[in-house]
Amino acid sequence: MVFTRTCFRAFTFSVALMASGLAHAEDVRTIKIAFSVDVLDDTQNAATQAMHKRVDELNASRKDVKIEFDVYDAQGSVDKQISDVQTALIKQPNVLIFSAVDSVGSLPAMQAAKDAGVPILDRRPTSPVSDLTTVAFYSSDENRYSKATTEWIKGYLKAHPDSVLKIGAIYGAPAQTAQLLRIDAIKALAAEMPDRIQFVAEGYGNWLTATAQNLSQDWLLAYPDINYIATANDIMALGVSNTLISAGRKDILVSGYDLTPDGVQRVKDGTQSLTIGTSIADNGKTIDVALGIVDGSFKDKTYYLDPVYAVDAGNVDDFLAGKIK
Amino acid sequence: MTNLTGSAEHGGIAALRRVLLLNKAVLFALILAVVLSVASPYFLLQQNIVALLEQIVVMTIVALGYTLVLATGEIDLSVGGMIALIGFVIAKLMTTYGVPVPVAIIAGMALGAACGALNATMVSRFGLPSFIVTLATGALFTGILYILSNLVPVSNLPPGFLAISRTKIGPIPLPVILLVPVVIGFYVVATKTVFGQHVIALGGNPEAVRVAGINITRLRLKVFMIAGACYAVAAVLLTARSASAQIGAGSNLLLIVITAVVIGGTPLLGGKANMIGTLFGCLILGMISNGMNLLGVNANYQIAVQGLLILFALVLDIESTKLLLRLDKRSMLRRRQAGAL
Amino acid sequence: MTTAPLVELENISKAFGGVQAVDNVSLTVSPGEVIGLLGHNGAGKSTLIRILSGAHTADSGRILVGGTEATITSPKDAKAIGIETIYQTLALADNLDAVSNLFLGRERRRFGIFNDRRTMVRETTEICAQINPRFTNLQTPVRNLSGGQRQTIAIARAVYFNARVLIMDEPTAALGPGETAMVKDLIQQLKSKGVGIILISHDIEDVFDLADRMVVMAGGRVVGRLNTHEATREQVLSLIIMGAETKPNPAAARP
Ligand SMILES: Nc1ncnc2c1ncn2[C@@H]1O[C@H](COP(=O)(O)OP(=O)(O)OP(=O)(O)O)[C@@H](O)[C@H]1O
Ligand SMILES: [Mg+2]
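So the protein lines, in turn, are chains F, C and Z. Just so we're on the same page, this note's numbering is the position in the first sequence counted from 1, plus 421. Just so we're on the same page, this note's numbering is the position in the second sequence counted from 1, plus 977. Just so we're on the same page, this note's numbering is the position in the third sequence counted from 1, plus 2.
Among the hints, erroneous ones may be present.
Just a few of them, taken from the derived set where beta-carbon distance is under 7 angstroms, the chain F residues facing chain C [stated by the list, open to error]: (1) D462; (2) A622; (3) Y625; (4) L629; (5) T630; (6) A631; (7) L636; (8) Q638; (9) A643; (10) D679; (11) D683.
Below 27 angstroms or equal to it, Euclidean Cα-Cα: the simulated DSS-like pairs (lysine-lysine) are [unchecked claim]: (12) K512(F) to K535(F); (13) K579(F) to K568(F); (14) K78(Z) to K1169(C); (15) K608(F) to K568(F); (16) K689(F) to K671(F); (17) K722(F) to K535(F); (18) K501(F) to K568(F); (19) K1199(C) to K78(Z); (20) K689(F) to K722(F); (21) K453(F) to K671(F); (22) K689(F) to K1069(C); (23) K1145(C) to K671(F).
Beyond 12 angstroms from chain C on every Cβ pair, some chain Z residues (computed) [claimed, not checked]: (24) A6; (25) G20; (26) Q22; (27) L106; (28) I129; (29) A175; (30) L192; (31) G196; (32) D205; (33) D211; (34) E232; (35) E236.
If you are wondering where the hints come from, they were derived from the structure by calculation, not from laboratory data. No residue lacks a Cβ here, since even glycine has one placed at the ideal position from N, Cα and C.
Kindly produce the complete structure, drawing on both the sequences and the hints.
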């Protein structure tokens, strides 16, 4: 159903574009953007919709270009993704937006684009970034997430001059090192202001609600003075929030990441204090970067999606309203 | 089942030694409890005991069903996928389709039994090892979950459902109370019923069971269906406790549960079903994690310590089994000598 | 024999993959008759009797019980007819004790689902006392028992359930001389009660002692049928070893 809707949209756009193309054949440049997506699950679908929306806007506002945007859904299959890209290349796109099914398995698809001289905007860059990638597009950036976190904490401490944060920190899985930064940034801040921020406990929640729930339940007993439990994502923040609800505690801060709909909802309900992340709706910027690659105005090798939101009780209503708009 | 009188003749100490060796999980749990209550002032707090029990309920219910599976000499790697799928289906039925809570729970249990039946049928019908079958069905269940859910968790569950984990009787949460009859039930099934006897025999020698005229296909079907229903109950409790059906729910259970069951004295190769041992195995794992959280053991050390303790328990299992065999032989020898006199 | 046969096997064949383990074999057992089934390793003796006991199903042929055709597709069917088997492998669950093994699949129950352990212990004690009075470790896992004790359990199981036809595949293989004598005595007792017995043994003397008739198999076929009182040891040995008599007797060697 999702797929058909996408196709239908693409179809209407192209019809509209063709119509306008006939009228201004001389002075309008056609830019073809192909998007090979690993699988159109909920998240990717929302991101794709945001890109479609941006294409709409640009086609309406800019008279000098008309953008053709084709989406190929690999449905989770490396094989299909390779064929998808082959098909896409026949239409000679100006740029390929690529989200790999598998970082290794999908390499032939990228190689094919490179061989055809089509620049690649990589929405799922590997580490280190592949040589085949023209621009690495990051929809989340640990450094910016960390900065947003420490900024929020600084703001909180300024607003509560008497409070000293006693933090229990729940990491994700030990093997995934990038996310460790989320908590480690708070630690660094604690080292800067030891009188205001103290770490009392740390543990791994393995990205699981139930594990974070058990961990925070134990901490409430062992560390009665704990007043802030920082978790590495909203799924684990849910576990902490469950613990606090059943313990009847409302005096403890809980933070998570990713701006999940559930997480934002909990911020609105007051059972979670903070969630940090980028908004899926902002993924329309992929199109701007792609255009920048085509016309040479975007020269960097990397792009980090902006802005990073820190949604708390103070701005959750605005955030929700902004999203609705 | 095992004769105690033989050793009792040689004094109470021998008998006690035997009982403790047979139930080394109980012994190990006791030692751990003593150590933890000395090490942490919080451990024995009523609040902590209650929290500990609450934390092991889901694991224990899965482990009890799992004990039957292991006892027959089979293994079930689909437990994680099944729990997440069932949790999601139950949650979806209640939220999107407005199905009443009890009906959704029963549907979940039926789904669990059906998934178990699929596992058993693949094993029996095609003579495939359960290891392979459940590896595949586990991936199937996870895949179906991903397709149905688009990886989006289900929240906003009805209050009547959340009450399952939030209701307390006195200080004790409802799931902990529910655990008592379940443990007793499984203990009775394993030790007192003909079915339990057949399950254990199957793990000992499938050929003997077959030529004894027992329908192995049906027996295996029952075992996997009971296990599936157990996973479903666990999925209900996990979903209620998490206040949402998470996509990754239960993915950590497989390893924990196998460890708990084996520590509890049910061998990986089957032929025994020690339900009380399983309960204590779960208690041990719960205490290890709870204790280290209370003691503030560094998170990275926790992982290592957990591994070490599990290794220790497994070695203890092997060694005590050998010791037990030696004691058996010795008492038999003594009896033979006594008979000869 | 004057009495009607208890069991008749007619033209039974069974192959495992390319191996024709049993090839068109016929055999009858009458009440009170002991048939000695002889043959080299791999001759097909066990396979033949496993078909009668329901552990295998035949590829072709039929089984008559009391003159009417019987369908034996599982061990349960055979037991229901009164065919009890002592398997060469003994078919014991090593992790269970003598009591549980004796009653495996035919447990005494209480309230339909519970083991009536007490009754089963009592009955096991009684029957084992008859067969082997020195065997008293009835509640130890059988993996800890001696070969003779394990064999006692398998024999006790067959005897306890009042077999009409008793199949014994190497029943004395693991027994000492005293216990062997006891088993031979038991066979005589059962014979006098009218039980039909198929006895497989490599010990030709035992067979000469006990059997009324002998059937010799080689390569899945019957190569000789003899009445014990007419047969000589040389005759039988040569049938077993060479699949034929030194002095050919075509009538007997007919498959
Ligand atoms: N389950 C089986 N699968 C495949 N082949 C088998 C099986 N059982 C028996 N056979 C084969 O069938 C043939 C007959 O075997 P069987 O066990 O009936 O011989 P036997 O006369 O009982 O020998 P023994 O005196 O050694 O017990 C042998 O070649 C054996 O390898
Ligand atoms: Mg044999």
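**Item:** Straight-line alpha-carbon gap K689(F) to K1069(C), limit 27 angstroms
**Value:** holds, 23 angstroms
**Prompt:** Taken at face value, is the distance from the CA of K535(F) to the CA of K512(F) at most 27 angstroms?
**Reply:** holds, 15 angstroms
**Asked** Would the least Cβ to Cβ distance between L106(Z) and chain C come out above 12 angstroms?
**Response** violated, 4 angstroms
**Item:** Restraint status (C-alpha distance of K1199(C) to K78(Z) at most 27 angstroms)
**Value:** holds, 19 angstroms
**Prompt:** Far enough from chain C: is every CB of that chain over 12 angstroms from the CB of D205(Z)?
**Reply:** Given a closest Cβ separation of 24 angstroms, the condition holds.
**Asked** Per the CB criterion, is A622(F) less than 7 angstroms away from chain C?
**Response** Holds. Min distance 6 angstroms.
**Request:** Take a quick look at whether K78(Z) and K1169(C) sit within 27 angstroms of each other, Cα to Cα.
**Result:** Satisfied, since the Cα-Cα distance of roughly 23 angstroms is no more than 27 angstroms.
**Prompt:** Was the hint right that A631(F) lines chain C, CB cutoff 7 angstroms?
**Reply:** Cβ of A631(F) sits 6 angstroms from chain C, so the hint holds.
**Item:** Distance rule for E232(Z), whose beta carbon must clear each one in chain C by more than 12 angstroms
**Value:** Its Cβ never comes within 12 angstroms of chain C, the nearest being 36 angstroms, so this holds.
**Straight-line alpha-carbon gap K1145(C) to K671(F), limit 27 angstroms** = holds, 20 angstroms
**27 angstroms Cα cutoff - pair K453(F), K671(F)** = violated, 53 angstroms
**Asked** How about L629(F): closest beta carbon in chain C under 7 angstroms, or not?
**Response** This hint holds: L629(F) lies near chain C, its Cβ roughly 6 angstroms from the closest one there, short of 7 angstroms.
Hints 10, 18, 20, 21, 27, counting from the list given before, are not met by this structure.
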